[in-house]
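Protein chains in written order, with my numbering: chain P, 1 to 255; chain B, 256 to 510; chain C, 511 to 806; chain Z, 807 to 1102.
Each hint should be verified, as a subset may be incorrect.
As the list claims (entries may be wrong) - Each computed SDA-like pair below joins lysine to any residue, with the alpha-carbon atoms no more than 25 Å apart: (1) P:K105 with P:G57; (2) B:K360 with Z:A1022; (3) B:K335 with Z:A1022; (4) B:K371 with B:A388; (5) B:K281 with B:M346; (6) P:K26 with P:N184; (7) C:K738 with Z:H1016; (8) P:K26 with P:R53; (9) P:K115 with C:P519; (10) P:K80 with P:A109; (11) B:K370 with Z:Q1023; (12) B:K281 with B:N261; (13) Z:K1034 with C:Y723; (14) B:K370 with Z:H1016; (15) P:K105 with C:Y723; (16) B:K281 with B:G263.
Unchecked claim - One side of the interface only, derived from the structure: several residues of chain Z facing chain C at Cβ under 7 Å: (17) W827; (18) L899; (19) F1030.
No wet-lab data here; the hints were simulated from the structure.
Don't be surprised by glycine CBs; every beta carbon is placed ideally from N, CA and C.
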Amino acid sequence: MIRFENVGMRYGAGPEVLRDISFELKPGSFHFLTGASGAGKSSLLRLMYLAHRPSRGLITILDEDIATIPRNRLPELRRKIGVVFQDFRLMSHLTCFENVALPLKINGAGSGVIKKYVSELLNWVGLADQANARPATLSGGQKQRAAIARAVISRPKLLVADEPTGNVDDALAVRLLFLFEELNRQGTTVLIATHNESLIRRFRHPVLHLEDGQLVPSPLRPIVPLRDRAPPPPDSRRFSDPIYPDAPGEGGRHG
Amino acid sequence: MIRFENVGMRYGAGPEVLRDISFELKPGSFHFLTGASGAGKSSLLRLMYLAHRPSRGLITILDEDIATIPRNRLPELRRKIGVVFQDFRLMSHLTCFENVALPLKINGAGSGVIKKYVSELLNWVGLADQANARPATLSGGQKQRAAIARAVISRPKLLVADEPTGNVDDALAVRLLFLFEELNRQGTTVLIATHNESLIRRFRHPVLHLEDGQLVPSPLRPIVPLRDRAPPPPDSRRFSDPIYPDAPGEGGRHG
Amino acid sequence: MAKRRGDIPLGNDPASRLLPWIIGFMAFIAALALSGALVLAAFSDRWSAGLTGTLTIQIPPPAAYDDEAGFEALQKEALAAVRRTPGVASATLLPLDEMRALLKPWLGAGADPRDLPLPRLIAVTLEAGEDVDLADLGRRLEALAPGITIDDHGLWRERLTDFMAALQLAALAVVAVVALAAVVMVIFATRGGLLAHRESIELLHLIGAHDRYIAAQFQGQTLFAAIKGGIAGTGMAAGTVVLLGHGAAATGAVLPGALVLEPMAWLWVMTVPMALIVIAVLTARRTVVNALVRMV
Amino acid sequence: MAKRRGDIPLGNDPASRLLPWIIGFMAFIAALALSGALVLAAFSDRWSAGLTGTLTIQIPPPAAYDDEAGFEALQKEALAAVRRTPGVASATLLPLDEMRALLKPWLGAGADPRDLPLPRLIAVTLEAGEDVDLADLGRRLEALAPGITIDDHGLWRERLTDFMAALQLAALAVVAVVALAAVVMVIFATRGGLLAHRESIELLHLIGAHDRYIAAQFQGQTLFAAIKGGIAGTGMAAGTVVLLGHGAAATGAVLPGALVLEPMAWLWVMTVPMALIVIAVLTARRTVVNALVRMV
Ligand SMILES: Nc1ncnc2c1ncn2[C@@H]1O[C@H](COP(=O)(O)OP(=O)(O)OP(=O)(O)O)[C@@H](O)[C@H]1O
Ligand SMILES: Nc1ncnc2c1ncn2[C@@H]1O[C@H](COP(=O)(O)OP(=O)(O)OP(=O)(O)O)[C@@H](O)[C@H]1O
Ligand SMILES: [Mg+2]
Ligand SMILES: [Mg+2]
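Next up, chain P with everything else stripped away, as it sits in the complex (with noise of 0.2 Å):
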């Protein structure tokens, strides 16, 4: 469970950029995160992925209160966080297979579970040919689903995705959003941050709306029950579990 209680946020000495903010996501759900450039998006995601520790107010994540979670339990919390970084942030000097392969090697997986997974992976966001290339040689739009298969790749209890859709077209948008929804269907809570109103009016999940760092009802649709979900659309295909084999929701197809 992810609950944010009267939160503020700020950097360094500047002024708050995200005020007052409460809210809950049940374990499960699956919402998106909206607002005008510079209204905090980003922000309240790094809260979510504990890169940043709030000025104020109360947060549980996975059910920690993070105000009073030693630091060396940070790291065991965190491994249960996915994400997908706006500017990607991908180890320049690694292969695109050993990026998405970071979060298994420091889960201490074996290399024969890595490359069944990665590969597997990599077949889906259509990565396959580009495995061995560096980032650098990678387009703008390839960069972002080597960022996504590695936020995604151990099966995180929270996802948290910032604008992760900002580089592909539409049809690869659409595609992506099924990774996710896949994901969520086995038990993955998600939070996506975007800009991409087609895909929002598409996927008619609940949507939360940031203006200038406070939340208010969405314009484009106010916050909806849990259940009232698009049902998965038909070429959503099922990814095996390399670090959770026995996730709930387990046992589709493998790629």
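Start from chain P and add chains B, C and Z with the ligands according to the hints.
Leaving out everything else, chains B, C and Z with the ligands in the frame of chain P:
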């Protein structure tokens, strides 16, 4: 005038990512460039802003044959080309203001001129408050707008923009397109690579479409005659020209 | 494939690329300075061995020109007294012939000093490392007969030791500066690496890497750089020392003993790269651990 | 505001931050080594001045004990012969009293060598820098009377000069290594800077900057680093030299002349930072210009 004749391009010893590209952009024209992720849009733009040489074919940029131009005349030609990079490429240690001022500074402009024009332009793209912020402290959309401001600050003869609206919402995207159109109206040749279909639908400029490294007719809109343009939107504003004060079409209101 | 390479491109950043060179240079200087100090120590020992470790005792001839028997008895007593002294290895009465040979240049080649009333000299060799109580010996000899004097070549020895000590002090000062410089440079290089890779480090943190996982990569990198640099620098210094020794020998130097290092001294020189490696790794570890806990 | 700072964040990258320290360290070592060589040179000059520059000529007493007049004539002739020799500054016959004082220790305090047939000694001072043809002088003296010998203290002088030369050779080897190391390090640091900032450089190129605009920033950066490091390192070395000199003086060393640098020698030491700065800037410029023409 921009002309490509049977151009091919490869990175290092890799396969050709562009093949048999032939087209011509008339001075003062405005084109979109579309194509799936990895189709070669950014590569084509790299050729246009002289970051890469073709492996074959003939390229003429602003009436210069780039195969024969001596190295010491390249800077002069490049100063006439404004570029919005897909990954922004802001200098991380310079402020937003200094980044936008860079082309003027390299051109030898005085600090009074720089201050006037940069402030005006930052105002236009909505970054007046962030003038003294480093890129690392800007949001994704703010970075993108700074990159756009830097590309247009010196009134280039050719403007090349790679996915300039990937990180901003549709309203802001439209506003930025107005900026490009205003520039275009003053004589700048514009080429914009984008995935944003709603933008292409709204601004009825001709479309170059890439598929797997080759130019094919656009599914959205076949290339249309140059004069078939949308009328200027009501809120488009002119801004004054720091480098070519007597550029054609100059004389609008100053913001 | 992902296993062989570190996650952070540490080998790539400028600071890391410089580190082996810096450490190599410092190892070179430190090893050279240390070798210098050691060579000087051995050399000064050997040189002053010709001056120290020996005494000359001079027994004046008796005032009465004809007391031959008394003079000989006095010589024997003095010799016995000297031999009894702790720390004396041997003592010999210089034969009259040698005395005369010594005197010859002063008397002219043609002179025959056979019948002169000459003082007698006792050549004393001291045991190595022992300190002889010269004051006590002097008192005892004085008691036998006034006028017996001890010459311990003190001035020369003092000059030489002072000079050598000054040189050695300079050499050791250089070694100390190198150790300090090594700490400073490693701190800077490591901070440089942390700065250059702060985004990679943040990313690793955010995907769940422990501090020790990250610190290990820095430590490994520094260890590698220090080993490379330390060995290369010390090797070059050793080569220089050997070459200088050979060069000095080739110029036909008449120095008392060549300018070469003893085997034990080589062991000391070998401690230079080891010390540098230990200093570098510990410094890097401390710097990284301190920095990491302050990051996200 | 945009004017004050370079476009490329050169001061920020690890290699650039290290550069002043590296150059400082190298300046320290080079200045110290050069000072050492200079101190040794001056010192060895002063020390051997007591040994060289003088000769002793010994005239044996005549075989006939009573040929006083002949002996004195011989002494005068020899003295005249010596004084005629080019390069001789002065020559004095050692008075008999001094002769006896010299002999006293050998003859015993009580002996009176007044009536001994002593050889006579001529003390010769040579003109500084002049080379005297000793073989010719020897032949001429031999012609006057067989048995006249010349003692030029050669062995001592040779030992000392050899030793000093070996030390100076080592010091100059260090200076040479430092110069080489400076070139290598600057090349690496500059390449590191080029690598670290290759994106900034590409961007500057793409928005129309000339190569010289970019190269100037690197050169300025290196100049700044070299000035900082060169001055600091040389200053520290000068401090060390002064301290060592004082330390040596304070221990009451009986060295012939203190271990201090002459004013002229200080000027030489000052060339160290200047040479380093020139080496650094030229190397940086070359490296950058070579690299830039190969970029877009
Ligand atoms: N590291 C930082 N230091 C200081 N201020 C920052 C930092 N990062 C962001 N900001 C400021 O915080 C505000 C919110 O930024 P944020 O990145 O959260 O916006 P966003 O909603 O993600 O925008 P976008 O859609 O453009 O990515 C902006 O005004 C931005 O300038
Ligand atoms: N520096 C490079 N070295 C080698 N290959 C590259 C390099 N840059 C791009 N490529 C390859 O060239 C192809 C075209 O890339 P390009 O960046 O032009 O695509 P794009 O149309 O801009 O895609 P996107 O919409 O995702 O940005 C891709 O397959 C990419 O992997
Ligand atoms: Mg953002
Ligand atoms: Mg692209």
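### Task
Take a quick look at whether B:K281 and B:M346 sit within 25 Å of each other, Cα to Cα.
violated (33 Å)
### Query
Are the Cα positions of B:K281 and B:G263 separated by 25 Å at most?
holds (21 Å)
### Proposed proximity, P:A109 with P:K80 (alpha carbon, max 25 Å)
Status holds; Cα separation ~15 Å.
### Message
Tell me if the straight-line CA distance from P:K26 to P:R53 falls inside 25 Å.
### Response
Holds, at roughly 22 Å.
### Query
Given the proposed pairing of B:K360 with Z:A1022, does the C-alpha separation stay at or below 25 Å?
holds (15 Å)
### Query
Going straight from one Cα to the other, do P:K105 and P:G57 come out at no more than 25 Å?
violated (34 Å)
### Query
At a threshold of 7 Å, is the proposed contact between Z:W827 and chain C supported by beta-carbon distances?
holds (6 Å)
### Query
Is the hinted pair B:K335 and Z:A1022 satisfied, with a Cα-Cα distance of at most 25 Å?
Cα-Cα ~23 Å, so holds.
### Query
If you draw a straight line from the CA of Z:K1034 to the CA of C:Y723, is it 25 Å or shorter?
violated (37 Å)
### Task
Decide if the proposed pair is consistent with the structure: P:K115 and C:P519, CA atoms, cutoff 25 Å inclusive.
Status holds; Cα separation ~22 Å.
### Message
Please verify whether B:K371 and B:A388 have alpha carbons no more than 25 Å apart.
### Response
holds (18 Å)
### Task
Would you check the hint for P:K26 and P:N184, treating anything up to 25 Å between C-alpha atoms as holding?
holds (12 Å)
The structure shown violates the earlier hints numbered 1, 5, 7, 13, 18, 19.
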